[in-house]
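Asks: Chains as they are written, first to last, in our numbering: chain C, 1 to 204; chain B, 205 to 422.
Possibly wrong hints are sitting among the right ones.
Below 25 Å or equal to it, Euclidean Cα-Cα: the simulated DMTMM-like pairs (lysine to aspartate or glutamate) are [claimed, not checked]: (1) B:Lys336 with B:Asp315; (2) C:Lys29 with B:Glu384; (3) B:Lys336 with C:Asp73; (4) C:Lys29 with B:Asp314.
Because the hints were derived from the structure by calculation, they are not lab data. Predicted model, so just to flag it, every value in this text is computed and none were measured.
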Amino acid sequence: MHTDDDHDHSELSDTQLRVRALETILTEKGYIDPAVLDGIIEHYETKTGPHIGARAIARAWVDPQFKAALLEDATKAIAALGVGVGDHLIAVENTPAQHHMVVCTLCSCYPWDVLGLPPVWYKSAPYRSRAVMDPRGVLADFGVTLPTDTEVRVWDSTAETRFIVVPQRPAGTDGWSEERLATLVTRDCMIGMGLPRTPAKATP
Amino acid sequence: MNGVHDMGGMHGFGKVAPDADERPFHATWEARVLAMQRAIRFARAWNIDMSRDAIERQPPQRYLAASYYERWLMGMETSAVEKGLIDPDEIAAGHALRPGKSVARVMTKDDLGRPFTRGSFSRPPGHEARFKPGDRVRTRNINPATHTRLPRYARGREGLVEAVRGCHVFPDSVVTGHGEDPQWLYTVVFNGRQLWGANADPTLTVSIEAFEPYLEPA
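Kindly generate the complete structure, drawing on both the sequences and the hints.
Replies: What follows is the structure in structure tokens.
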């Protein structure tokens, strides 16, 4: 837990004061328990994250049966890996003909169970406003260029369905183990806002 | 409601910038806000649709100026007062001035051991699905002043039903106090030109997740 904003209590911002006030009131009224809040925070800081999604993607790359199951019902398929995932998760597969991207234009819906908490850019007005209209421009902001004839399919998460992109397996990875492949799977490529790392850029 | 939260297709917000700091929380208070939201939802004080609605109803200037977790904070303050859990004078005082009301349940340390996965929004259907994959549909041109999940850019547009996603809690109904009123949910895909006109990226398709009341046969 970082406490960079807690060092000097005499300089609390209006937001910090309001958060503190709300927590105090909700606690005094018996609706919440601060010690439980600590446990919730620990969960999001240490347990969830894109490593869960990356594991499923790497498995899909090496196991065609698992990939088929993932595309059929991602909640069920990932649960079979021993990872609990909430309902209504949908996996969509990138191909040379079609690239998928995920956005939530209305708020910031995101597959927390498999990717952890969303990055700031995913929740930002530039991404939410532009992804559905100019996805190639948005990709260019991150230095990603797709072939001009690849169809770009944008999924706007307007309900409780959640989406994870199954990127194309990078070339030059024949014979790689599932664990090694997982190191190529970035969070951004599972949102469709990037491509997996290439073997040359793999982190050991 | 036609609020500033409905951002799809707006101009002027600039480039998407990668995060300079990839930590899940950038300040302690952000983590407290997220955790409070989880705990108070566990108490069934309000649901996810009500959370979104409370955020969307913030004045547009406030919404746009606020960060993600600041919006959550505003939404929680609004909801807690509206649901009668706390009073405005308590927010001003920074302390409870009256005893709490009873809530459905309070999250304890024992609950932390249970999975944090999302619950199911599936509900038994009251009728057969009206559409099937391959059907041409048109989204209705609706402009409710209350919460809806049909974005403005996708209203009155012709698209194709790609998948039926089951029958789900209908946010538009929950938030207006009319209960879950479960509705069939569909993935409806639109051609980029249908949404953005002749100059749209010719390789673009966009889908939304559309509840049945948003759709009519094309």
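Asks: Among the hints numbered above, which are violated by the structure, and what are their numbers in rising order?
Replies: 1 and 2
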